[in-house]
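Enquirer: In the order they appear, the protein sequences are chains A and B.
Numbering-wise (the working numbering), the first sequence opens with residue 573 and increments by one.
Numbering-wise (the working numbering), the second sequence opens with residue 71 and increments by one.
These are computed hints drawn from the structure, not numbers from a lab.
Here a beta-carbon is modelled for each residue, glycine too, at the ideal position from N, C-alpha and C.
Misleading hints may appear alongside valid ones.
[What the hints assert, rightly or not] Label-pair distances were calculated between CB atoms; the ranges are:
| hint | chain 1 | residue 1 | chain 2 | residue 2 | range |
| --- | --- | --- | --- | --- | --- |
| 1 | B | 185 | A | 586 | 50 to 60 Å |
| 2 | B | 87 | A | 586 | 21 to 31 Å |
| 3 | B | 72 | A | 599 | 15 to 25 Å |
| 4 | B | 509 | A | 580 | 50 to 60 Å |
| 5 | B | 513 | A | 599 | 44 to 54 Å |
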Amino acid sequence: MEKDFELSKLSNENLIELYKKVEDYIAYLEKEKSMKGTEE
Amino acid sequence: MNDILVEFDKYISSNKDVLSVLPINTKKNKSKYVEKVQEFEETALKIRKVIWNEIQERYEKITDILESPKISELEKTIKGIENIDVFNELNTPFEKLGFDRITHSLNSFFEGDLNLVNNNIKLFMDKFKDFGIVLTKDDFNYSQYTNEYISVFIEETANGNLNSEKLKKTFEKIYWQCPDIVIHIELNMRYLYHINSKKIETELNDRNNKILASMQLDKNGLVRRYFELNKDLIKAKRKDGKAVLDKFLNDEWKIKDFSEKEMSVLYDRLLAGKYFEASPEKQEEINKNFGKLLNTLEEYSIFVRYKYIIDDLKNKYKNKDSFKDAYDKKNKELRKKEQALLKENKKHQAMIKQSNNPLFRFFKKKLDRKIYEFPVASNSQIKELQKMYLELDEEAVNLRIAEFVDDNCSIKYMFKIAISFYSYAYKLIKEHYEDDMEMNVADELQVLIDFINQPYKVMLNNIKLVEEPDITSIIANRYKILNINIEKEHLEPENIESLIEDVEKIVNYHNINRSGLKIEDIAFVEKMKPLIIKNNN
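Bound-form chain A, shown alone (with noise of 0.2 Å):
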C-alpha cells in the first residue's frame, strides 16, 4: 500500500485529510480489538 502513496503529490490540505484518515482507522482498529479480545 505504502508504494502506491505518492505523498509529494499531495497538497497540504490533503496531506493533513490523508492523517486524519488513518488515524481514525487505527482509531477504529484498536477498538475492534480491544472489545473481540475482551467479549467472552
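Starting from the known structure of chain A, fit chain B onto it as the hints suggest.
Expert: Chain B in isolation, oriented as in the chain A frame:
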C-alpha cells in the same frame, strides 16, 4: 476528492468488509479475528509513519526560513550610529548621557530598594570613568553620610559585588541616622556633574565630531540617515518571511482571520470599490494608502494619548519671554547655597579634628555641641537644595522653550522637547494618571520616547503648535480622496481602536502576501504545530 484519498477510503472500506465477514461465534474465531485486526493495524501504523514523515519534512522545510540578511545589516548599521540621543540639540550632556535618569531614579527612591541605589551609583561612576574621571570617596563630600556610604561602597564593590552584607548594614545604619541619605547621594552626583560638566561636554563634542567625520556627515545628515535606516528596517521587518511566519507560530495571528472571505468583507467596508477585482497595480496602490492611513492613525492616537503634555508646553510657551534669565538666576542662587554648604562641611570636619585635639580641650564641650547639631542643619540645607534643583530642572525646560520654540514649531518638535527632559515628562505623566494605581509611568513614557524616535511622523510634523486644527476632519477628508471610507466618528476615542485594528489587519494581510510565504503553507504549519510539538515531547 483526490485520487489518493479515494484509494485510501477504498482500502479501509475493503479491510472493514474483510473483518465484517469473519466469524466471531467461538473463542477460536474471535482470536483469529483479533489476529486479523492486528495485522491490519501493523500495516496502518507503517502507513501512518510514512505520512507523518512527509508531514514533518514539509513542516521543517516551511519553517526552515531565515530572517532576511538585510535586517541584521540594517540593525548593525543603526547600532553603529551609537546613541542618537547624543546628537539631540535640545538638551545637555546631563540628559544625553543619561545622568538625568540616574538622578530621577534616586529621586523616586522608595525605602527598601537598595539594589536600585547601588546600581545607580555604579552606573554613575562608570559613566564618569568612561570620560576619564575616576571618582573617589573624597569626591562624595556633600555630607558626612554620603562620604561614609560611598567609602564603604567603593571598598565593597571593588570585585563587582553590589550586594555585600557590610554594604547593606552600612546603609541601614546610615538610614536610621539620616533617612534622606539617598537624596544626599543624588545631590552629590548632581554637584559632581556640575563641576565636571565642561570636561564632559568637551569630550562628548570631540567624540561626536569623530563619529560625524567617520561617516562623512554633518549632524543633520546623521539624524536624517538614522531615520532613513530605521524606515528601511521597519519596511524590511514588516514583509520578512520569518517575521511573518513567527506571528502565526506564536499564535499572534490566525490564518482563518486572513481568509479571502474575511478580507473581502473588510476591504468592502473600508474601501470605495472592490479590492479583489482591482488590477495588481491598483491593489498595490490601495495597500500603500492603507499603510499611510495606519501611520496617520498611530500618530493621531499618540497625540490624543499624550495631548496633556502639549497643553503644558503650550502654556509655558505663552510665558516664554519671562524664561530667558530665570535659569541663570536660579542656577546662581543654587551654586551659592551649595558653596555655602560645602564650606560648612569643611568647617565641620575642622571642628571634629579640633574636638579630638587636646590643645582645644577647653572648647571641647562647645565644639561637640556644634558637631552634634550640624547634621540636622546640614540636612535642612540639603533638602532646600533638592527643592532648588527640581526648580532648576523646570527652568531648564523653560529655557529650551524660550530658545527653540516659535509659532512654526510642529507638534512633533514639542513632543521631542518633552522627551529630551526625562524628569519633566515623567512628572507630567505621573500627575495626569495620579488616580490610576495600575499605571506604570516609566512604561507609558517609554512608549512616547520610542514613538518620537521612529520615522513616519508626517502628520505630527505638519501640525503647528499654534494651530488648533480639526484633526479628525483633516484625516477623514485626506483619506476620502484616496477612496477610503472613513468619517470623523471613526476617529472618536470610543471607535478609533477598532479602526486601527481593521487597518492593521489589512496592512498585515498585505505583508503576508509580500513575504513570499504561501497561505496554504502557513495554514499547514499552524495546523500541524501542536501535533509536531506533541510528537517531539
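Enquirer: Are the hints correct? Go through all of them and say.
Expert: Okay, the hints, checked on the actual structure:
no.	hint	result
1	B/185 / A/586: 50 to 60 Å	holds, 59 Å
2	B/87 / A/586: 21 to 31 Å	holds, 24 Å
3	B/72 / A/599: 15 to 25 Å	holds, 22 Å
4	B/509 / A/580: 50 to 60 Å	holds, 56 Å
5	B/513 / A/599: 44 to 54 Å	holds, 50 Å
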